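Protein chains in written order, with our numbering: chain A, 1 to 66; chain B, 67 to 276.
What the hints contain is simulated information worked out from the structure, not anything from laboratory work.
On a predicted model such as this, the values are computed, not experimentally measured, just so you know.
Be a bit skeptical, because a hint or two may be false.
Quick partial rundown of chain B residues pointing at chain A, CB under 8 Å, derived from the structure [claimed, not checked]:
1) V162
2) T178
3) V189
4) Y240
5) G258
6) L262
Pairwise CB distance ranges, derived in the manner of DEER restraints [claimed, not checked]:
7) A:G36 <-> B:C222: 43 to 51 Å
8) B:L156 <-> A:R29: 22 to 30 Å
9) A:E5 <-> B:L156: 38 to 46 Å
10) B:W271 <-> A:L20: 20 to 28 Å
11) B:R85 <-> A:Q22: 31 to 39 Å
12) B:V91 <-> A:A15: 20 to 28 Å
Each residue gets a CB set at the ideal place from its N, CA and C atoms; glycine is no exception.
One letter stands for each residue in the lines below.
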Amino acid sequence: MISHEVTIAGYLLVAAGLVLLQVLATRTRAPIPSLGDLLTRAMRSRTGRVGMLVAWAWIGLHFFAK
Amino acid sequence: MVVPARPPGRARAALAGLRAPVVWVLLAIAYFTAISGKPLDGVLMLIVAAGLAWDAGRRALRHPGSESPPVARPARRPGGRRRLLILSALLTGGAVYAGVVGSFSRYSWPATAGIIGLGTIVVVIGWHGPLRDRPAGGRLPVAATLAWVVVLVAGCLWELGALLQQPSLTTDSYAHPTVSTLTDPLLATSPGRSVLLLAWLALGWYLVER
Numbered sequence: 001m002i003s004h005e006v007t008i009a010g011y012l013l014v015a016a017g018l019v020l021l022q023v024l025a026t027r028t029r030a031p032i033p034s035l036g037d038l039l040t041r042a043m044r045s046r047t048g049r050v051g052m053l054v055a056w057a058w059i060g061l062h063f064f065a066k
Numbered sequence: 067m068v069v070p071a072r073p074p075g076r077a078r079a080a081l082a083g084l085r086a087p088v089v090w091v092l093l094a095i096a097y098f099t100a101i102s103g104k105p106l107d108g109v110l111m112l113i114v115a116a117g118l119a120w121d122a123g124r125r126a127l128r129h130p131g132s133e134s135p136p137v138a139r140p141a142r143r144p145g146g147r148r149r150l151l152i153l154s155a156l157l158t159g160g161a162v163y164a165g166v167v168g169s170f171s172r173y174s175w176p177a178t179a180g181i182i183g184l185g186t187i188v189v190v191i192g193w194h195g196p197l198r199d200r201p202a203g204g205r206l207p208v209a210a211t212l213a214w215v216v217v218l219v220a221g222c223l224w225e226l227g228a229l230l231q232q233p234s235l236t237t238d239s240y241a242h243p244t245v246s247t248l249t250d251p252l253l254a255t256s257p258g259r260s261v262l263l264l265a266w267l268a269l270g271w272y273l274v275e276r
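Using the sequences and the hints given, assemble the complete structure.
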């Protein structure tokens, strides 16, 4: 039982970290890029762009496809 | 004078393309997906990784030293009324897609065809470059970018840790649930699948627009 809760707490901690960084990036003057800025930068090259879109397609495959 | 034999053009291109880190990430995803009991996903990832390696290698050989940014399409945005029509059509199409594909049971052939079809269209569109030109932007602050990377990598490692602590790669564990296991109850119902498909479509559109 305790392992189950610890595992979920880990996911929540990661999610909280992502939300915190995004809030700091968009609502304060802290020199932190938003997730959108990071994605735009990562997708500037063709390999980065295709890599991100394939990762997105993989999420769909993973959850719904054979 | 002895001239060393050079590998043929395609092989040289593929070898040069292997320098792209994204190719290795895709190959790793293909491997782990295949051994997790989803060989079709693994084969699709492998095809994209090979295509990307060949494409990146071909460009690297043609223009050594360049990062080969995608060719941006002209910044031509439709006007107010036309834009509203396009947006309405996309929203309606997305809702119909999510409703129809979400009505199929998970891991069925119709659902698989729907996901592979749309995924292929989006990746092919992305391969040709962004939909519109965007400002290049300056350099990102290193420390803050590293903070994002640390949190994202921590999330991936946490998920991988849960996966490896399952009784086997294809058997779920209550004690160490992966994200897939946690979303199973939601994906067991047709409305739940449609809601997640809508979120997946929204994410895809957001990425295509980058």
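> Do the numbers back the hint for B:V162, that is, is its least Cβ distance to chain A under 8 Å?
Replying inline: Violated, because the Cβ-Cβ distance from B:V162 to chain A comes to roughly 16 Å (cut-off 8 Å).
> Taking the closest Cβ pair, is B:G258 under 8 Å from chain A?
Replying inline: violated, 11 Å
>> Tell me if the beta carbons of A:E5 and B:L156 are separated by a distance inside 38 to 46 Å.
In response: holds, 41 Å
> Can B:Y240 be said to touch chain A, with a Cβ gap under 8 Å?
Replying inline: holds, 6 Å
>> Take the shortest C-beta to C-beta distance between B:L262 and chain A; is it under 8 Å?
In response: Holds: closest Cβ of chain A sits about 7 Å from B:L262, inside 8 Å.
> Should the hint that B:V189 touches chain A count as held when the rule is a Cβ pair under 8 Å?
Replying inline: Cβ of B:V189 sits 5 Å from chain A, so the hint holds.
> So does A:G36 sit 43 to 51 Å from B:C222, Cβ to Cβ?
Replying inline: violated, 20 Å
> Falls inside 20 to 28 Å, the C-beta gap from B:V91 to A:A15?
Replying inline: Holds: the Cβ-Cβ distance is about 22 Å, inside 20 to 28 Å.
> Taking the CB of B:L156 and the CB of A:R29, does the distance hold inside 22 to 30 Å?
Replying inline: Check failed, 35 Å falls outside 22 to 30 Å.
> Against chain A, is B:T178 within 8 Å by beta-carbon distance?
Replying inline: holds, 4 Å
> Has the hinted range 20 to 28 Å been met by the Cβ atoms of B:W271 and A:L20?
Replying inline: holds, 25 Å
>> Please check whether B:R85 and A:Q22 have a Cβ separation lying inside 31 to 39 Å.
In response: holds, 32 Å
The structure fails hints 1, 5, 7 and 8 (numbered hints given earlier, in ascending order).
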